[in-house]
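Input sequences plus hints: build the corresponding full structure.
For what it's worth, the numbering used here labels the leading residue of the sequence shown as 1, then goes sequentially.
Calculated directly from the structure, the hints in this document are not laboratory data. From the three backbone atoms N, C-alpha and C, an ideal C-beta is built for every residue, glycine too. Don't take every hint at face value.
Said to hold, decoys possible - Calculated pairs, DSS-like style, for lysine-lysine (alpha carbon to alpha carbon, straight line, at most 27 angstroms): (1) K145 / K94; (2) K181 / K89; (3) K94 / K157; (4) K157 / K145.
What the hints assert, rightly or not - Label pairs and their in silico Cβ distance ranges: (5) V131 / A64: 12 to 22 angstroms; (6) H135 / G80: 31 to 41 angstroms; (7) K94 / T160: 28 to 38 angstroms; (8) A120 / G159: 30 to 40 angstroms; (9) G144 / S100: 11 to 21 angstroms; (10) E97 / E141: 12 to 22 angstroms; (11) E93 / D182: 37 to 47 angstroms; (12) E155 / N95: 29 to 39 angstroms; (13) M121 / N151: 22 to 32 angstroms; (14) G144 / V99: 17 to 27 angstroms; (15) A120 / S172: 34 to 44 angstroms; (16) Q171 / A76: 27 to 37 angstroms; (17) M121 / M150: 35 to 45 angstroms.
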Amino acid sequence: MWRPNPHQFSWRILMTKNIISTKSRLARFGGAALTAALTGALLTGCASTDSAGANQSAGSVSTAPAVLVQEAWVKAGTDGMTSGFAELKNTTEKNMELVSVSSDAATDVELHDMIGSGGAMSMEPLDGPLVIPAHSSVNLEPGGKHIMFMNLTQELKAGTTITVVLNFADQSTQSVDFDIKDFSGAKESYAPAEDHGSH
1 MWRPNPHQFS
11 WRILMTKNII
21 STKSRLARFG
31 GAALTAALTG
41 ALLTGCASTD
51 SAGANQSAGS
61 VSTAPAVLVQ
71 EAWVKAGTDG
81 MTSGFAELKN
91 TTEKNMELVS
101 VSSDAATDVE
111 LHDMIGSGGA
121 MSMEPLDGPL
131 VIPAHSSVNL
141 EPGGKHIMFM
151 NLTQELKAGT
161 TITVVLNFAD
171 QSTQSVDFDI
181 KDFSGAKESY
191 APAEDHGSH
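Now the structure itself:
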């Protein structure tokens, strides 16, 4: 009659336990590896999202102009010369200097000021740049400082616009659309030393 060998039986039990233990460790290792892989994927996804969000935010940031130009308009005219006006608001911590102005609507564009008082008022080009103090505004208006458009290259009709380029001392430039309006004023004469006529 066959009888099991105690040593052989114990060896089989030990092998079975080892196999079960190994499978258990593999299962734990596989679970940990899967968890690590999922965690890594989530972190990568979050990082990519954050990076994309940062890039999108950076791309959506627009640089505001140092000088805000408001209420910009030009007196309608057919030929000769006319005047332009606006409010120039400096939004920076430093003075801004407007050194020149240009436009395709005229061959010559200058910054002018009125001198004198009452009926004796006349105008002349500014002696130097137009300074706009930090966090302050300068008004270009009839009877005061203004932009002079001389030798018009086109008819300026009310209801249309022209583009005017402002050139500053810090080498920055700014293109602004000026509305053209009918206006009966702004007929001051130039200073006698300037042979430009009236506008």
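These are the hints, each one checked on the structure:
1. K145 / K94: holds, 21 angstroms
2. K181 / K89: holds, 22 angstroms
3. K94 / K157: Outside the cut-off at roughly 37 angstroms; violated.
4. K157 / K145: The hint holds at about 23 angstroms.
5. V131 / A64: 12 to 22 angstroms: Since V131 and A64 have Cβ atoms about 20 angstroms apart, the given range 12 to 22 angstroms holds.
6. H135 / G80: 31 to 41 angstroms: holds, 38 angstroms
7. K94 / T160: 28 to 38 angstroms: Given a distance of about 35 angstroms, which is inside 28 to 38 angstroms, the answer is holds.
8. A120 / G159: 30 to 40 angstroms: holds, 35 angstroms
9. G144 / S100: 11 to 21 angstroms: holds, 19 angstroms
10. E97 / E141: 12 to 22 angstroms: holds, 19 angstroms
11. E93 / D182: 37 to 47 angstroms: holds, 39 angstroms
12. E155 / N95: 29 to 39 angstroms: Holds, since E155 and N95 (Cβ atoms, about 37 angstroms apart) stay within the stated range.
13. M121 / N151: 22 to 32 angstroms: Given a distance of about 23 angstroms, which is inside 22 to 32 angstroms, the answer is holds.
14. G144 / V99: 17 to 27 angstroms: holds, 19 angstroms
15. A120 / S172: 34 to 44 angstroms: Since A120 and S172 have Cβ atoms about 38 angstroms apart, the given range 34 to 44 angstroms holds.
16. Q171 / A76: 27 to 37 angstroms: About 33 angstroms separates the Cβ atoms of Q171 and A76, which means 27 to 37 angstroms holds.
17. M121 / M150: 35 to 45 angstroms: violated, 19 angstroms
Violated hints, listed in ascending order, are 3 and 17; each of the other numbered hints is respected by the structure.
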